[in-house]
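Top to bottom, those sequences are chains A and B. Note that our numbering numbers the first sequence so that position 170 is 170, with each residue one more than the last. Note that our numbering numbers the second sequence so that position 76 is 76, with each residue one more than the last.
Simulated from the structure, these hints should not be mistaken for lab results. There may be inaccurate statements among the hints.
To be verified - Part of the chain A face toward chain B, derived, beta carbon under 7 Å: (1) Arg9; (2) Ala97; (3) Cys134; (4) Leu150; (5) Arg151; (6) Gly152.
Unchecked claim - Per the computed footprint, the stretches of chain B lying under chain A, defined by three or more beta-carbons under 8 Å from a beta-carbon of chain A, are: (7) 8-20; (8) 23-29.
Said to hold, decoys possible - Residues from chain B that keep clear of chain A, each with C-beta distances beyond 10 Å, as calculated: (9) Arg108; (10) Asp125; (11) Gly215; (12) Pro261; (13) Arg310; (14) Arg333.
Where is the CB? At the ideal position from N, CA and C, for every residue including glycine.
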Amino acid sequence: MSLEEAYDRYAPSLRRLAFFLTGNREAADDLVQDAFVRVAPHLPALDPVAVGAYLRRAVVNVARTYLRRRGLERRLASVSLRDRNPGDTAPSDAERAQDLWTCLLRLPMRQRAALVLRYYEDLSEAEAARAMGCSRRAVNSLVSRGLKRLRGEMTQRVSRSGPDHAVRGG
Amino acid sequence: MNDLEEMRAELRRTLERKGDELGPLPPLRPGLDREVRRRELRRSTAAVGWTVLVLVALGLVVRGLVPGGTVGPAAPTIAPQRVYVLEVAGDLRAFDVSAGGQPTQVWRARPGGGGWYEDVVASPDGSRLFAVGAGGLTVLDAASGAVQAEATFGEWAWRGVMLTGLNPTMAVSPDGSRVFVRVLPAGGEVVLDEAIATFDVGSGRFLPEAASVTGCLPGDPVLPLGPSSLALVCTSDGNEIRFLELSPTGGVSSEERLELPSSTAGVEIPHLAEPLDLGPVAGAVSWPERGEILAVTREGEVFVVDVATRTLEARVRLDLPGFRVAWPARVARVGEELVLGLQPVDFTGADRATHLAVVDPSSFEVRAISPADAWAFAPGIGGGPWLFLLDAPREGGLGVGVAALDPMSGDRVEVLPRTSLGGTKLGIVLAGPRP
């Protein structure tokens, strides 16, 4: 598979993955291209079936390095949710989605990656483990912890905003 | 639908919504082909630079020693010994050297099937050498260079050996019965899909399976704890020690992980244009009698890990004023002391150790800091005060040599003159009795 073919085929989904991992559109574009730079020399020798997984893993690696090198993981974790007062009206779907997005970015990178790979990319545990370079058990644990933490933050958020929303949250 | 399932569905909707907010996909950036070629060039250049490994066999009859292992007042000299050099071209050469004399080549070897050797270690008694190349492992008689056995890698090997130059690609179990070789499994990713193949010395064969250590980096220290037991200080995720028990066929039968506190900054490979973040732990050494692993960070913090309980016993900050631990981390046990390679904190040159620190592993007192200027160092197999250095050329200098250094006194003796080793850069220096 040529570099151009691989880019046309895989870059759109890889770009989304990079965006979900970093929360930054410009960085996502750069990281996807960086991943292709890394993988390009190996493309001719790769089984075409494996190219997608190989690239996905490269994206996870470059995103992790990007976040760690810039200390962004800690900064993302400290991003605050918007304050909501007891008298505020119920959040719209868009507001709630934004809150969930913020909560997702506050998660540790590995938990975020595990959730995105499992529930957005629809990967099996084994495929997600391969993309993240860890065991299936670790993926299972990361997903479980990430999901619980997301739910906890969202529930807490909704509870603060009034009883109606608490019902909605769970 | 329970609340977690609802959360999953909501998460998916949110991600789809956020993904839709991304604009059109930018094209491949101009010049990406050139970036790919430059990256490949960097990789191959680094590999060539690190292809050299020097193995010094030490006679351990060090003139100037007095009983008790301390250095006497006379100028130190090194008795005749054997020096093994794995050169850039992949030849393994053995020299006999005498104090003050020119080295004499005793034998020269390269793999029978072509290619070249990429790494070599000695058996604990120094009688045999284990050398690996792309095709497999060769057992050589250290005295004559004669091939005693050859073993090819199994089907799991793709590129064979993980050539790193950072830490040894190979390690020998404490009893000498097994040799562990870091390999890339077929189809694996270059950096992270690593595995450890086990060569059984008794049968002269590799075990049929390789132990997968996915997620670790090539420079991560492998510390054999027994013939079927390993500790791997895995830094790709920052700070993790994996304890592996191998099955009779060479796979992983059990694995435990200990996460170390991540309080220090990561290490980046300084001479790559695109540094790899290697996490805080820069090097490690096992200490079987104490049942401990000592993992050292770039900033000079030592994690003391109990092997039996696989717990963190202590963390101690060393007093290294003006220095940090050199990268690639040089950490060795010399007798009953820990020796670290250091660099000044403002050092911006190549990744060599400019100084060596001697540390008491009980009190963690820094007992001495001596100038060294070495690419690599390692103690003699039989112990003793001498460290063997792969002598780094100074600015503008050429060639690499081997020197012996007593890090406590700072005494230094030239073993192989710089002009003897052309084109060498990094390597591991070991020492053992002359055959």
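How the hints compare with the structure:
For Arg9/A, the suggested interface contact is broken, since its CB lies about 11 Å from the closest CB of chain B, more than 7 Å. At about 4 Å, the closest approach between the beta carbon of Ala97/A and any beta carbon in chain B falls short of 7 Å, and the interface hint on this residue holds. For Cys134/A, the interface hint holds, since its Cβ comes within 7 Å of a Cβ in chain B; the closest pair sits about 6 Å apart. Satisfaction of the interface hint for Leu150/A is found here, the shortest Cβ-Cβ separation to chain B being roughly 6 Å, below the 7 Å cut-off.
Against a cut-off of 7 Å between C-beta atoms, the interface hint on Arg151/A holds, since the closest Cβ of chain B lies about 5 Å away. At its closest, the beta carbon of Gly152/A sits 10 Å from a beta carbon of chain B; the interface hint therefore is violated under the 7 Å criterion. Coverage of the segment 8-20 of chain B by chain A holds. Counting CB-CB distances below 8 Å, 11 residues qualify, and the rule asks for three or more. For the segment 23-29 of chain B, the proposed coverage by chain A is satisfied: 5 residues have a C-beta within less than 8 Å of a C-beta in that chain, meeting the threshold of three.
Remark: the non-interface label on Arg108/B is consistent with the geometry, its nearest Cβ contact in chain A lying 33 Å away (cut-off 10 Å). Every beta carbon of chain A lies more than 10 Å from that of Asp125/B, the smallest distance being close to 38 Å; the non-interface claim holds. A beta-carbon of chain A is positioned within 10 Å of the beta-carbon of Gly215/B; the least distance is around 3 Å. Separation of Pro261/B from chain A is adequate, the least Cβ-Cβ distance of about 15 Å exceeding the 10 Å criterion.
The Cβ of Arg310/B sits about 17 Å from the closest Cβ of chain A, beyond the 10 Å cut-off, so the non-interface label holds. Annotated as non-interface, Arg333/B keeps its C-beta farther than 10 Å from every C-beta of chain A; the closest such distance is 30 Å.
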